[in-house]
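Heads up: the sequence shown at position 20 corresponds to 20 in this note's numbering, and the numbers run straight through without jumps.
It is worth saying that the hints were derived from the structure and are not from the lab.
Given the structure is predicted, the values throughout are model-derived calculations rather than measurements.
Note that the Cβ used here is the ideal one computed from N, Cα and C, for glycine as well.
Watch out, some of these pointers could steer you wrong.
As the list claims (entries may be wrong) - Derived CB-CB ranges, DEER-like:
#	residue 1	residue 2	range
1	Val2	Arg27	26 to 36 Å
2	Val2	Ala36	46 to 56 Å
3	Pro32	Val12	28 to 38 Å
4	Ala30	Gly10	43 to 53 Å
5	Leu23	Val2	26 to 36 Å
6	Leu21	Met1	27 to 37 Å
7	Leu35	Val12	46 to 56 Å
8	Val28	Gln6	24 to 34 Å
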Amino acid sequence: MVSVLQARQGLVFLLGLALGLALVLLRVLALPLALA
1 MVSVLQARQG LVFLLGLALG LALVLLRVLA LPLALA
């Protein structure tokens, strides 16, 4: 059985992971625009 604390930790981890991926994608997409 998963406790509420464990579920919250997993959620925060996934949220941080998604945020990091979004930042990387934004940087990769913004690079050609900045160079153009």
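- Query: Looking back at the hints listed earlier, which ones does the structure fail to meet?
  - Reply: Of the numbered hints, 4, 7 do not hold.
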